[in-house]
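Could you put together the complete structure from these sequences and hints?
There are 4 protein chains.
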Amino acid sequence: MLVENGRQGVTTNSVAERAGVSIGSVYQYFPDKQAIFATLQERHLNQVMPLVQHTFERLADPAVDVVDALLGLMRAMSDLHTDLPAHLRVISDEQQAHASPDEIERFTDAATPILAARFGCTQDRARATAWLASMSMAHVGRALVHHPPAVDREDLLAAIACMLRGLLAKLAAST
Amino acid sequence: MLVENGRQGVTTNSVAERAGVSIGSVYQYFPDKQAIFATLQERHLNQVMPLVQHTFERLADPAVDVVDALLGLMRAMSDLHTDLPAHLRVISDEQQAHASPDEIERFTDAATPILAARFGCTQDRARATAWLASMSMAHVGRALVHHPPAVDREDLLAAIACMLRGLLAKLAAST
Amino acid sequence: MLVENGRQGVTTNSVAERAGVSIGSVYQYFPDKQAIFATLQERHLNQVMPLVQHTFERLADPAVDVVDALLGLMRAMSDLHTDLPAHLRVISDEQQAHASPDEIERFTDAATPILAARFGCTQDRARATAWLASMSMAHVGRALVHHPPAVDREDLLAAIACMLRGLLAKLAAST
Amino acid sequence: MLVENGRQGVTTNSVAERAGVSIGSVYQYFPDKQAIFATLQERHLNQVMPLVQHTFERLADPAVDVVDALLGLMRAMSDLHTDLPAHLRVISDEQQAHASPDEIERFTDAATPILAARFGCTQDRARATAWLASMSMAHVGRALVHHPPAVDREDLLAAIACMLRGLLAKLAAST
DNA sequence: GATGAATGAGTTTTCATTCAT
DNA sequence: TATGAATGAAAACTCATTCAT
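Residue numbers (our numbering), protein chains in the order written: chain A, 4 to 178; chain B, 4 to 178; chain C, 4 to 178; chain D, 4 to 178.
Incorrect hints may appear among the rest.
Quick partial rundown of chain B residues pointing at chain A, CB under 10 angstroms, derived from the structure [said to hold, decoys possible]:
no. : residue
1   : Ala-113
2   : Pro-116
3   : Ala-119
4   : Thr-132
5   : Trp-134
6   : Ala-146
7   : Ala-161
8   : Leu-167
9   : Leu-170
Just so you have them, the derived chain D footprint on chain C, three or more residues with Cβ under 8 angstroms [as the list claims (entries may be wrong)]:
no. : region
10  : 141-149
11  : 162-174
Since the hints were derived computationally from the structure, they do not count as laboratory data. Keep in mind it's a predicted model, so treat the numbers as computed, not measured. Every residue gets a Cβ at the ideal spot worked out from N, C-alpha and C, and that includes glycine.
In structure tokens form, the structure reads like this:
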């Protein structure tokens, strides 16, 4: 339903009908409409957030290559595409489209000190790079889950690696 | 209003009230609610599309550096931020959130042959790079207009340049 | 316009536009919407009422045959069809559709004493015949003006004459 | 409500209020306002059409007298008046005011061959009579349901019989 | 006079939510 | 617990009418 009309075109009654239950039953489980979407969203986040969490842990570990860590995340996101039911793809897509500015800010905040430490520069200096990396990885990752491009996956991952290496080269140089 | 409540929170009556006209007048100029938003959106597209157009023309010109062309676009988008009224930022933001998958596909389609020609490789080879560049530039550009990060602009543009150079290095190498 | 949508589908603005004048000008000549239709209607009534009037006068005259008088009216109504502009046809059609019950009552009231006098019976006895004659002539007359059937006119008039003669025969017999 | 103000004066909200339900409930059963009226109309047609149907069947049967068949219809229509709720009377009255030209054409088309067969004349010859009979019976019948005149019913039916006999006499004569 | 943009009361219609069964 | 008819606040939209230009 979301795929067809977007969030606006979805009514609680249509949700119930499509789900094969009565509208009353839907309200037995969800306090209001927004909660229905929130739950779908949460279900998806429970799949994605552990991956992101794990990636940040690897980033914080000096023994792990930054690009390797991020590439691992992209690979995992790409895997998610096949697993994810279609309706979950859309709901999270919708939600993310709105949530993203804040989300990216959070990622940037988390990544900045890590990069600063790794490359021995001020957080101020690292922030532009952190934002750009967050921005790129968030949207590329999201696209890999929701609308993967019609290109060879390994080719794409290699390109991402090059892009990230170019980005990080700047920090390395500025040391 | 869009800024405050998002599209859902905007009613035709509130539009009229805020505009200081009666609801009847609004409907004199717009056939329905959706048309109001469509017009705002179009107004914004009329600002952005010429920039994109011009960028593609420069990309097609071998005398112009690819990174320079894209950097010029990013700079222009960034300039747009200050000019753009807040409500236009919101409406186009909402609209783009939905349009983007197709839009990026179109950009990718346009960029692929250009990159292939420039780097003397097959379109197949160039496509992953084209998609990644489209993806990154579309979202970074959109963010620059709508939610610019709190970092030094020149610093950010320099980082973008490095990122792109890293990405293109892959194509250059594969020749 | 009336032909296309009926009265409901006609807005004052569309009236003005179709008339090639501004809505303001329309209101210069008519106090309100209903007056626009009333005027059209009146224009038509000014054509029909004299005919009806004249017919009633002939009916009251013992020297004139009842059937001849009514047949004369039908013939005149039929003539009106060709003269009447299409829009007038519709407007009066609309108006009559609603007005008719009262109108027919009035015709019946006027015809009853005339028939009673002519056939020497009580008004009570004449009333059913008067109503039936009014009913038939009103609707047949209206149809002749607005939606004439695809049959030979003289044939039709002859049939009307027979019908009326049958009807009046009843009164004559009951004497 | 229809009786009081006519179709225009009936709003969906007033319908709901009068019906003692909420406006939402009305829209649960009817897709839009027009459908409310259409349903009332249809309900009435379901009462009248079988009568008409049956009458045409009797007309086609040579064993049944033409006048008897039509008189039977008029009697049935007259009976309908008492049964019919006032609002149905109004709605169907309004609707019929518009539908009638076509409807009468249909009746005429159906009656013409029947009369031609019965009286052994060409359809061309029968058509004027068929139209006149359709016209008269349609409007008299409608009046009997919606606005019956203040006269003795049997008296009126007798007058109708005479009128029809006069009308048919013409066809009989022309043979 | 003529104009037609502006008005806004009054409609139609939607849809999240409730609650008696 | 499940149901789905009922609710009604709130939204979208219409159109007769006015009035400054």
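Results for each hint:
Against a cut-off of 10 angstroms between C-beta atoms, the interface hint on B/Ala-113 is violated, since the closest Cβ of chain A lies about 14 angstroms away. A hinted interface residue such as B/Pro-116 counts as satisfied when its beta carbon comes closer than 10 angstroms to some beta carbon of chain A; here the least separation is about 15 angstroms, so the hint is violated. For B/Ala-119, the shortest C-beta to C-beta distance to chain A is roughly 13 angstroms, which exceeds 10 angstroms, and the interface hint is violated. Restraint check, B/Thr-132 versus chain A: the minimum CB separation of about 5 angstroms is within 10 angstroms; hint holds.
The interface hint given for B/Trp-134 holds, since its Cβ lies 4 angstroms from the closest Cβ of chain A, which is under the 10 angstroms cut-off. A hinted interface residue such as B/Ala-146 counts as satisfied when its beta carbon comes closer than 10 angstroms to some beta carbon of chain A; here the least separation is about 6 angstroms, so the hint holds. The beta carbon of B/Ala-161 is positioned within 10 angstroms of a beta carbon in chain A (closest approach about 7 angstroms), and the interface hint is therefore held. Of the supplied interface hints, the one on B/Leu-167 holds, with its beta-carbon coming within about 7 angstroms of a beta-carbon of chain A, less than 10 angstroms.
Annotation: B/Leu-170 was flagged as interfacial toward chain A, and the flag holds, the nearest CB pair being 4 angstroms apart, inside 10 angstroms. Residues of the region 141-149 of chain C with a Cβ under 8 angstroms from some Cβ of chain D number 4, which satisfies the need for three, so the listed coverage holds. For the region 162-174 of chain C, the proposed coverage by chain D is satisfied: 10 residues have a C-beta within less than 8 angstroms of a C-beta in that chain, meeting the threshold of three.
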